[in-house]
Amino acid sequence: MSVLQIALEMVVAFVAVFFIAVTLEAPKRTLRYGALAGGLGWGVYLVGLLFMDIVAATFMASLFIAWIAHLLARFLKTPVTIYFIPAFITLVPGTGVYQSVYSFINKDYAVAQQHLVLTLQISGAIALAIFIVDSLFGLLSRIKASKKNSPVK
Numbered sequence: 001m002s003v004l005q006i007a008l009e010m011v012v013a014f015v016a017v018f019f020i021a022v023t024l025e026a027p028k029r030t031l032r033y034g035a036l037a038g039g040l041g042w043g044v045y046l047v048g049l050l051f052m053d054i055v056a057a058t059f060m061a062s063l064f065i066a067w068i069a070h071l072l073a074r075f076l077k078t079p080v081t082i083y084f085i086p087a088f089i090t091l092v093p094g095t096g097v098y099q100s101v102y103s104f105i106n107k108d109y110a111v112a113q114q115h116l117v118l119t120l121q122i123s124g125a126i127a128l129a130i131f132i133v134d135s136l137f138g139l140l141s142r143i144k145a146s147k148k149n150s151p152v153k
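In our numbering, the protein residues as written are 1 to 153.
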């Protein structure tokens with residue numbers, strides 16, 4: 001995959017996430033930032049695919065999207081879910097779910113199981129990345145609050 005192709009896919013992801021955010025009625029001032037998070041996250045995913053398998057690439061991209069979403073939420077004083085939901089749409093394994101159900105309907109149970117396992121691994125990678133970043137930001141805010149409230153010696 002060339003750099004030009006990665007850049008083009010990032011632009012397409014930016015536009016897609018922008019319109020998904022519009023559909024989800026995100027505040028107008030957050031649209032371009034959420035789309036930026038989704039586009040950059042897709043770029044991290046594509047670069048990750050060059051060096052890792054699909055689950056690891058999804059995990060790295062999810063870590064990046066969750067991290068940038070938290071930063072944007074703090075910078076723009078908005079809820080983090082405004083950026084999470086549209087930006088993660090590009091990584092959601094919808095094709096895997098479709099292929100699992102399609103294979104199951106066609107009584108090809110071994111292929112259905114393979115698609116289902118991969119889909120669950122990708123979904124788990126996304127959930128784990130969100131959990132890790134949320135936990136880190138929560139820990140940092142508690143440390144900051146405890147330093148602020150501690151008595152001065």
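Hints are supplied without guarantee of correctness; some may be wrong.
As the list claims (entries may be wrong) - Across the chosen pairs, the derived CB separations fall in these ranges: (1) L136 - L76: 17 to 23 Å; (2) K77 - V117: 26 to 32 Å; (3) L4 - G138: 17 to 23 Å.
Said to hold, decoys possible - Below, in silico cross-link-like pairs of lysine-lysine (DSSO-like), each with a Cα-Cα straight-line distance of 27 Å or less: (4) K77 - K148; (5) K28 - K77; (6) K77 - K144; (7) K77 - K147.
Treat the hints as calculated values from the structure; they're not laboratory data. This one's a predicted model, so the numbers in the text were calculated from it and none came from an experiment. No residue lacks a Cβ here, since even glycine has one placed at the ideal position from N, Cα and C.
Going through the hints against the structure:
1. L136 - L76: 17 to 23 Å: holds (20 Å)
2. K77 - V117: 26 to 32 Å: violated (41 Å)
3. L4 - G138: 17 to 23 Å: 40 Å Cβ-Cβ, so the 17 to 23 Å window is violated.
4. K77 - K148: Holds: K77 and K148 sit about 20 Å apart, inside 27 Å.
5. K28 - K77: Satisfied, since the Cα-Cα distance of roughly 14 Å is no more than 27 Å.
6. K77 - K144: It holds: about 17 Å lies between the C-alpha atoms, which stays within 27 Å.
7. K77 - K147: holds (22 Å)
The structure is inconsistent with the numbered hints 2, 3, although it conforms to all the rest.
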